[in-house]
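**Q** The chain contents come next:
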Amino acid sequence: MSTPAIEFDGITKTYGRTTALDDLSLRVGRGELVGLLGPNGAGKTTAIKLVLGLVRPTSGTGRVLGAPIGDRAARSRIGYLPELFRYQPWLRAREVLTLHAELAGVAPARRMAAADEALDQVGLTERADDPVSGFSKGMQQRLGLGVALLGQPELILLDEPTSALDPVGRTDVRAIVRAARDRGATVILNSHLLTEVERVCDRVVILHRGRAIASGPLDEVVAADGVRLRVDDLDDGGRASLARFGPVSFDGEWLSIRPLEAARIPDVVAAVVAAGGRVHAVEPGRGSLEARFLELVTAPSEESA
Amino acid sequence: MIVIARLTVRELVRRRVVWVLAALTILSVALVAWGLDRLVSLARANGTNELEIRIGVSQVLIMIAFMFSFVLAMTAAFVGAPAIGGDLESGVALAILARPLRRAEVLLGRWLGSAVIVVAYTIASGVLAIVVAIQVSGYGPPDPILAVAFLSGQALVLLTLTLALGSVLPSIAAGAIAVVGFGLGWMAGVLAGVAAALGVATLGQVAEVSRWIFPSDGLWRGVIYGLEPPLVVMLATGNLPRFADANPFYATAPPPLPFVLWSIVWIALVLGLSSWWFERRDL
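The listed protein sequences correspond, in order, to chains U and S.
1 is the number of the first residue of the first sequence in this note's numbering; add one for each residue after it.
1 is the number of the first residue of the second sequence in this note's numbering; add one for each residue after it.
Isolated chain U (complex conformation) (with noise of 0.2 Å):
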């Protein structure tokens, strides 16, 4: 159990002109809940479908539950819902299931049992013997998650499992998704619905151009509480003074300072206004992932600055 569950060694993936992924080096460790995530074309389901040898690295390499990636016997211990997810219409649910089990190597005699299972925790059971044809969109989602988790795999993909489901779906999902961090699985998250991944996830990772451009504990990656002040006749020692609250940067006629707790923005505005400062708008800034995320993706890159 030591080896990590997922771990990518410089991994590029180019699909002709276009680089999906640029050297990404990631590791994962067992048990971890881990939020993937990113702007569209950020390469987030090429690292999935690369785990799962869906697709090959151009270059690098990379090793999941202890062997190369796309390795058959690991994927035994893999459950995987893709972001295009589309399941045989003509099949029942529990028949979809009970496919899977036998694909993924269930024993004969526990597969309806596991299938059971996985339509109990996805909530689908009272519809386990309707056709798939039938299903709405969040009812296939939910099926498609009941097939990741069938014979509670070591390691689960979620490629936006949230993206069809109702508000009440997505707190069944946050619940599916924590049971199986609890009971040992390592969890990966793909979303776009960063409060979905900041109330669940233990760590994220923000892929950029294919680039890691951020990684680690959520709290580490969050931005911190903050205020943004518009202000203008502030003279230079006016501004000086101001540091005693935090760092500070200047933005035109704007000012921020972060990491600041929101108890002592009228002390800021106060001192402002002492310093013969004229204060035009106060935004407190509450520390998010989202502002965390968009600062990153915002961010002009290196090679444009």
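Hints in this document: simulated from the structure, not taken from any laboratory.
Be careful, since some hints might not be right.
Chain U regions said to be covered by chain S (calculated; three or more residues, Cβ under 8 Å) [to be verified]:
{"no.": "1", "stretch": "47 to 57"}
{"no.": "2", "stretch": "87 to 96"}
{"no.": "3", "stretch": "101 to 110"}
The following label-pair restraints were derived from C-beta to C-beta distances [to be verified]:
{"no.": "4", "chain 1": "S", "residue 1": "V209", "chain 2": "U", "residue 2": "P39", "range": "51 to 57 Å"}
{"no.": "5", "chain 1": "U", "residue 1": "T18", "chain 2": "S", "residue 2": "L169", "range": "19 to 25 Å"}
{"no.": "6", "chain 1": "S", "residue 1": "W34", "chain 2": "U", "residue 2": "G16", "range": "55 to 61 Å"}
Glycine included, every Cβ here is placed at the ideal spot set by N, Cα and C.
Got chain U; can you put chain S on it based on the hints?
**A** Chain S only, in chain U's frame:
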């Protein structure tokens, strides 16, 4: 592989493909029965002798077999093209291929399941049509088993090509290429025969090579040979053997054994190559 083959058979049953094929078989056999019955009854009423009637029935049967070989080509294309290509396009394949099985197992399983249905359809329709012809006209082809076997072989060649192309190209393109390939293969066969009859050796060789590249037409010759009355073969070869070979609805001899063996190897090669390619493809 067997899991995927079973899944394919179940899909073709659930999606009503099997039932549609069964209904088409019954319909076409009923039409054959009616047509032959009319032909034989009216010919006998006109005083035509039995030998001429039998030769007429044999030729009608060959034409029906030719039409059926085209229907089979279309069926093989419709069944084979989406078997891999359709699953890739819809996304169904992603969840399956993430499981601990080789991609070749999926491809071969899809081929096996589709082959079972296509061959069963060929045998059922072919045997029923021949039995009906015997019942109605009294004429029995010399080697119906050989004819149905070659017809099945032809369908398998088409199925293999379509399925293989479907693992590389969009399913619609795969189906279209296979059907056009079937037509071109037949044309090449006709050209080879005519070229040989006219003594144009070079063209004949080119057309002959194309028969080996895509063995569909060569197998069709086996179908004709199994249905052709020996008397017709004898008359044709006795009088104008070169011109008899030029006719796409005559066969003076069955396909040579090396060609039959090559057809089996061809299927294995195409499946092997497409498996190799599919295994390396990014999904």
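**Q** So, for every hint listed, does it hold in this structure?
**A** Evaluation of the provided hints:
Proximity of the stretch 47 to 57 of chain U to chain S, defined as three or more residues with a beta carbon under 8 Å from a beta carbon of that chain, is established by the 5 residues found. Counting residues of the stretch 87 to 96 of chain U whose beta-carbon sits less than 8 Å from any beta-carbon of chain S gives 4, enough to reach three: the coverage restraint holds. Counting residues of the stretch 101 to 110 of chain U whose beta carbon lies closer than 8 Å to any beta carbon of chain S gives 4, which meets the minimum of three for the stated coverage. Between S/V209 and U/P39 the beta carbons are some 54 Å apart, a value that agrees with the proposed interval 51 to 57 Å.
Checked against the hint of 19 to 25 Å, the pair U/T18 and S/L169 passes, with Cβ atoms roughly 21 Å apart. Separated by about 58 Å at the C-beta atoms, S/W34 and U/G16 satisfy the suggested range of 55 to 61 Å.
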